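Sequence order for the protein chains is A and B.
Going by the numbering used here, the first residue of the first sequence is number 1, and it counts up by one from there.
Going by the numbering used here, the first residue of the second sequence is number 1, and it counts up by one from there.
Simulated from the structure, these hints should not be mistaken for lab results.
Source: prediction; values computed, not measured.
The reader is advised that the hints may include incorrect statements.
Stated by the list, open to error - For lysine to aspartate or glutamate, the following DMTMM-like pairs were computed, each having C-alpha atoms within a straight-line distance of at most 25 Å:
1) B/K107 x A/D271
2) B/K107 x A/E169
3) B/K183 x B/E156
4) B/K107 x B/D148
5) A/K307 x A/D271
6) B/K107 x A/D232
7) A/K307 x B/E133
8) B/K107 x B/D118
What the hints assert, rightly or not - Reference excerpt, derived from the structure (chain B facing chain A, CB under 10 Å, subset only):
9) S83
10) Y85
11) D108
12) E133
Even glycine gets a Cβ: it sits at the ideal position worked out from N, Cα and C.
Residue-level listing of the chains:
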Amino acid sequence: MSAPDVPGAAPARPGRWTLTAYAAWQFVLALGLLVLWVLWVLGAVLLVVWVGALLLAVAVPGVRAIATEHRRMAARVLGLPEPRPYLPLPAGNPMGALWVVMRDPMTWRDLAWSVWAFTLGLVWSLLCLVQALGVVTWPLWWWGLRWQLRWRSLVDLWFLGRSRTEHLEQRVQALTESRADVVDHSAAELRRLERDLHDGAQARLVALSMSLGLADQAFDDDPERARRLVNDARETTSAAIGDLRSVVRGIHPPVLADRGLVGAVQALALDMALPVRVNAALPGRPPAPVESALYFAVAECLANVGKHAAATEAWIELGWDDGRLHARVGDDGRGGADPAAGSGMLGVRRRLAAFDGRMSVSSPAGGPTVVTLEVPCELSSPRTTPSSAPE
Amino acid sequence: MRVVLAEDHALLRAGMTQLLEANGFTVLHAADDEASLATALADPAAEAAVLDVRLPPGQTDEGLRAAIEVRRARPGFPVMVISQYVEHLYARELLASGEGAVGYLLKDRVSDVAEFVDGVRRVAAGGTVLDPEVVASIMASRREEPLDRLTPREREVLALMAEGRSNAAIAARLVVTEKAVAKHINSIFAKLDLGLADDDHRRVRAVLTWLRV
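Only chain A is shown next, with the shape it has when bound in the complex (with noise of 0.2 Å):
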C-alpha cells in the first residue's frame, strides 16, 4: 500500500456534496483519460517513427495530471497526506526527462490504474450518480456513499501510492547518500580540528617549553633576562588556551552544553551586531547530536545574515512539535539568498540531513529571507531551567 511521503496535517474530510462532485470529477476524468490511454500506447507504438515522442508528451503529463488528481481526492477522502510518488523530472533536457519517466516505475502504475479507471472505476462514479438521482436508491446515496468512495480511493491508492518495495527503495538510497555526506562531513571536521591543533595550539606549547628552556639556562648568569623569558612563556600559555577555547567553541559550545539549545540559540542572537529577536521554548530537551546539528545550522544562517543580508533586523522561532523540532530565522534584508551556493549552507543542509532533516530557503530579490530547518526527533524530560533566565 502506499506510504505518505509527506508529513502535514490532513484538512478535513469531506462532506456528502463535496463526495458526490469528487465522483462527478471522477467520472469526467475517465473519460479524458481513456483519449490519453489510447494515445500513450499509440504513441508508445510509433516512438520508432518520432511521431511517438510528440504523442508521447502530450500523454504522459495528461495521465501524470489526472492521476495526481486522484491521488489528491483519495487522500482527503482517506484523510492520508497526498503521496507524490513521481521521480524529480531534469529541467531542460526533454530526452533525460523521457529516460526517467520510461524508468519512473510509476508510470507504469499510472498506465495500469488507467485501464482500471476508465472501465470499473468508470462505471463505480457513475453508479455514485445514478443513486442521488432515484427515489429508491437514494437511502444508498446518502448512508452509503461514503463508504463507496472510501473503497474507491483504497483502490486508487493501492495502484497510485508507492508500493512498499519502492518507497524502501527510496529510503535506502537517500540513506546512502546522507551517510556518504556524514562520512566526508565528519573526515573534514577531523582534518580542520588537526590542522587548528597542530597550527594553534600544539605549536605554542612547544614555544612556551622553549621559553622555559632558555629561561632555565638563564637564571644564574642573567635573571633579568630569565624573567622576560617567563613572562614570555605565561603569554605563551595564554594564547595556548585561548587556541584550545576556540577549538573546543567548533566541536560543542560550552554553553549550549550548559543550557541547551534554547539559551545557546539567545547566546548567538546576543553576540550578533544587530538586533535579534528570539522566540523560542522546548518542552524538554532534544537528543544531543540534534541540538548540536541545529545550533550549527542557526549560527550559520546567523552568520550569513551577518555577512550577506545587509538587514537591519533579524529574528529566530524555535520550537517543536508533533515529533519535529523546527527552527526558522529571517532577517529584512535584499533577499536573492541561493541556498545551493555557499559551501556553508551545504554542510548545514548535509548535516541536518544525517537526521532525516530539512532545510528549506525562502528569499525573493528585495526580501525578506527566512530559512526554516526541521529535524525530526523527540524529547527528553524537561531539564531543570536556570534561576535566572534572561528577559
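Fit chain B to the given chain A structure using the hints.
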C-alpha cells in the same frame, strides 16, 4: 576579607586558596560541588565569593546560578565568577540585578596574580570587572542609544571601565594623562544621564547601561 571559593579541580582549588591567602584573603570555605557550595554560601560570615561556573554533579552552570541565587538573598554580595570560557549572555545575567560587585573573568587570567587579586578587591569594593573577551564581544555587537552619543574614544574608556580598570590604568593603556581620562569619564556620565551619585556607583551604572541590562 573572608571569601568562599568554589572550584572542582583539586589542584586549582589548592592553588587558588594559596593565592588568595597569600594576598590577604581568608578562604572561609573551599567548595568542590554544588551542594557544598550552597552550604558555604549560607554562612553569614562570608564577605565575598570566587566561583567557578562549572561544578559537579551537573558540570554545566551551577556556579553561575549559585552566584545569582546568593545575590538574590543578599543583594550586593560581591561575587567573582571564573570560567574556562566567557559568554556575553552570562555577563548579562550576572549583572541583571542592577547592582555592581560582580566580576566575570576567564580562568586563565588568574595567571596574572596581581591583576586577578586586584580584580577581586575591586569587586569586593562594589566595582564591576568584566573579562576583556566579554568586553570585546559586547564591542562587536550592536550599538544603540544612548551609547551612540559617545565618541569612539569615550567608548574605549567605557570598555576599560567595564574591565574594572582604575583611572590610572586606563590612562596608561590609552597613553593619555589621568586628567584626560577623568574628563572623558565625566563626559560619559553626562551623556548617559548618570546624575550626581558617588563616583564608584556611577561607574557601575555606566557599565550596566553599556551592557543594556
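Taking only the CA atoms, is the gap from A/K307 to A/D271 under or equal to 25 Å?
-> With Cα atoms ~14 Å apart, A/K307 and A/D271 stay inside 25 Å; holds.
Regarding the hint that B/S83 lies at the interface with chain A, is the smallest CB-CB distance below 10 Å?
-> This hint holds: B/S83 lies near chain A, its Cβ roughly 8 Å from the closest one there, short of 10 Å.
Pair hint outcome, B/K107 versus A/E169 [Cα-Cα no greater than 25 Å] | Violated. B/K107 to A/E169 sits at ~54 Å, over the 25 Å cutoff.
A/K307 and B/E133: Cα distance at most 25 Å?
-> Distance of about 22 Å is within 25 Å: holds.
Interface hint for B/Y85, Cβ within 10 Å of any Cβ on chain A | Constraint on B/Y85 satisfied, holds at 5 Å.
Keeping to a limit of 25 Å between CA atoms, is the pair of B/K107 and A/D271 held or broken?
-> The hint holds at about 21 Å.
Agreement of B/K107 and B/D148 with the hint, judged by alpha carbon distance not exceeding 25 Å | Roughly 32 Å separates the two Cα atoms, so the pair is violated.
Given the hint that B/K183 pairs with B/E156, does the C-alpha gap stay at or below 25 Å?
-> holds (13 Å)
Between B/K107 and B/D118, is the straight-line Cα distance small enough, at 25 Å or below?
-> holds (15 Å)
25 Å limit on alpha-carbon distance, applied to hinted pair B/K107 and A/D232 | The hint holds at about 19 Å.
Cut-off 10 Å, beta-carbon criterion: hint that B/D108 touches chain A | At about 5 Å, which falls below the 10 Å cut-off, the nearest Cβ of chain A leaves the hint on B/D108 intact, so it holds.
Taking 10 Å as the limit, does the beta-carbon of B/E133 come near enough to a beta-carbon in chain A?
-> Result: holds, 8 Å to nearest chain A Cβ.
Hints 2, 4 from the list above are not met by this structure, while the remaining hints are.
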